[in-house]
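Visitor: With the hints as constraints, model all of the structure from the sequences given.
First to last, the protein sequences are chains A and B. Per our numbering, numbering of the first sequence is gapless, rising by one per residue and ending at 419. Per our numbering, numbering of the second sequence is gapless, rising by one per residue and ending at 878.
Because the hints were derived from the structure by calculation, they are not lab data. There could be a bad hint or two in this list.
Stated by the list, open to error - The calculated lysine to any residue pairs, modelled on SDA-like cross-linking and capped at a C-alpha distance of 25 Å, are:
{"id": "1", "chain 1": "A", "residue 1": "K203", "chain 2": "A", "residue 2": "I140"}
{"id": "2", "chain 1": "A", "residue 1": "K88", "chain 2": "A", "residue 2": "Y242"}
{"id": "3", "chain 1": "A", "residue 1": "K257", "chain 2": "B", "residue 2": "Y730"}
{"id": "4", "chain 1": "A", "residue 1": "K257", "chain 2": "B", "residue 2": "I586"}
{"id": "5", "chain 1": "A", "residue 1": "K233", "chain 2": "B", "residue 2": "L810"}
{"id": "6", "chain 1": "A", "residue 1": "K179", "chain 2": "A", "residue 2": "T157"}
{"id": "7", "chain 1": "A", "residue 1": "K88", "chain 2": "B", "residue 2": "L810"}
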Amino acid sequence: MKRIPFILGLCVIVLELSGSPVLAGEKVAEVNIGVVLSLSGVAADQGLQTKTGATIAAEEINAKGGIPVLGGAKLRLLFSDSQSKPDVGASETERLIQRENVAIMMGAYQSATTTVTTEVAERYKTPWLVTGSVANIITERGFKYTFRPNNKATYDAREQFDAIKGLTQEFGKGPKTLGILVEGSDWGKSHAGIVRILAKQMGYEVVFDEAYSPGTADFSAQILKMRTRKPEALITAMYTPDHIVFNKQYQETKLELPYGLHSVGGGSEVPEFYKAVPPESVRFMFVQEDFQIDITKVAAWTQPVEQKFREMLGYDLSAYGAQGYSAVWTIYDVLQRAGSLDKEKIREAFATTNITSGPALIMGWQVIHFDKDGQNVDAHGCISQNLNGKRTTLFPLANRPKGVLPVWPIPAWKDR
Amino acid sequence: MDPIILGVAVVNGILLGGLYGAVALGLSLIFGVMRVINFAHGTFLMIGLFIPFWLWQLFGISPYLSVIVTAPALFALGYGIQATIIAPLFKRERAMVLEPLSVLLLTAGVGLILDNLALMAFGPNVRGVQIPFASKTLWIGETLNINYARLFAFLASVAITVALSLFLSRTDLGRSIRSTAQNRDAAALCGINVSQIYNVTFGLGCAVLGVVGCVMIPFYYVSPTVGLAFGIRSFITVVLGGIGSIPGSILGGLILGVVESVAGQFVTATSASIFSFVIFILVLFFRPTGLMGMKV
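Guide: As structure tokens, this is what we get:
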């Protein structure tokens, strides 16, 4: 009990030392942006990619003279590690807002983390720009300070169906029956739920519908079942390890899926997946990508960004890298319009965002704007098909590079 | 149900079950002889998968060939860990009988350290090898297909089991191991260096995983956490077959594999594992020593 006054005293000292926030209109040399990312733990890989993308964008902005309207103030990104844990992410958010004087927060890739960090930011009336997290709830709570430029989870499934429908129209034939195979935790099951509803709405019969436990060594039971039920197309949601095992067995057993294997990304979006499986096992596979994987082909200005990214990480620009890059350029646009470090003015500027060109659209989006819940309703991923060993964007049609011809239906194994 | 589909399901189950059995073999051996439940078992499998992966990645050595490096390396690792980390515990305890909890925590700790060292060294990435042999398939009729790599892994699993059984029953060292398992004190009185036997046993249990890793990596993957999925399944396999019984381990694995594969045709594959647990509980109920376990 005697310790309580001491602790209180300590708190006072700490608060005294932490300094007062920068007031609006004050001339600033730097704008502090808090970036919470999973830099260690299970999602360390993705966190590092977003960090790299964000760093490249901030360097570009600062090299060009910072934020003109704020007297050339430089962007200073304060990276903080959530350790892939929501509670750590929340306490880091609190620290950055309370102690580091940040004007804007961004992150945090993992939906579970972003869900709680945005709550903290909302409490402190600090705008939060979401990178990567797709859980629907993030922009369905009526928050005023949360803005998400990327997809909600429901959009992912919708895009898979749009592609199947689009190809059916383009080629005059398509599947009538579908299979669903997903990993049995949160993500896979919720995706399967959305797919079931959409399949029913669009008149596809689901003839195979299973979840498996992650880390499985063998899909032969499921593949055997598919052999007898004969789904014409298969929709999957899998993390990388299981995707590797599945694709190898898909090839070994020569399972026929005339209208293709449609992966909702996740496990099939990372470079390591393609290093671990034989090329034949991913040929003609459709992937719902978080960004336009072949953006460098359609937008030449992105090539130096990719070059830089490759120099820093050793592989091609990824969706997570592009998300970080896009977010920092979005922040640039917002600050330019806010013209102040006042968080209310920044929030206002976020809410009235309407970006239709420039580096913030590296994701392949046509526009970044936010509805009253802070969701970019015109966000989209892209559907790619693996053609000649490269993932090539097919949908949305506006993003399909010229001269690309999809393969539909995909040839039987014996004809390849 | 279509008998052909049933047949295919059984064949798939047998192939997978053999592998489950082989993975559990080392666990069973170590427990049978030392009464030590090795919680780091999955970790040793992870190392047994990483060695052939890196040999393939860096030098292009076929995983099947790298068994001549992997198995001895795992033996040395197991031997070393037993001699330096677990043995002192034995020395502290009287009559060479360990407090089960302390050694269990010790092996769990070893597992955690090795898992995290792998994470530090290689990162969380998932990796796999690509060899043409692994994507070739033997077709019997239209539906029955057997992947060569999986078939080979099954045959290797059976071969290891037979070899280990023969080694234990026919060689002097094997007899020493068995006598130590039966009665440590009597074995020691007969001039057997019990602590040496323990080291060898632990090494052997790990070496088996070195062989399994090499035959498994062509159709599987490796990451620092890969062992987790096999840890629990190995315990079930061992208890099912009979703790300490070498053929029991394979039998337990086969039962698990076939039950999961056949049940997977009737219910979803996740629910299919319920059947394994039901069998597991029934066996514990009616035959607590396992199907081929000896009465204690």
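Visitor: For each hint, tell me whether it holds in the structure or not.
Guide: Checked hints:
{"no.": "1", "hint": "A:K203 <-> A:I140", "result": "holds, 24 Å"}
{"no.": "2", "hint": "A:K88 <-> A:Y242", "result": "holds, 19 Å"}
{"no.": "3", "hint": "A:K257 <-> B:Y730", "result": "holds, 14 Å"}
{"no.": "4", "hint": "A:K257 <-> B:I586", "result": "holds, 17 Å"}
{"no.": "5", "hint": "A:K233 <-> B:L810", "result": "violated, 33 Å"}
{"no.": "6", "hint": "A:K179 <-> A:T157", "result": "holds, 22 Å"}
{"no.": "7", "hint": "A:K88 <-> B:L810", "result": "holds, 20 Å"}
Hint 5 alone, counting from the list given before, is not met by this structure.
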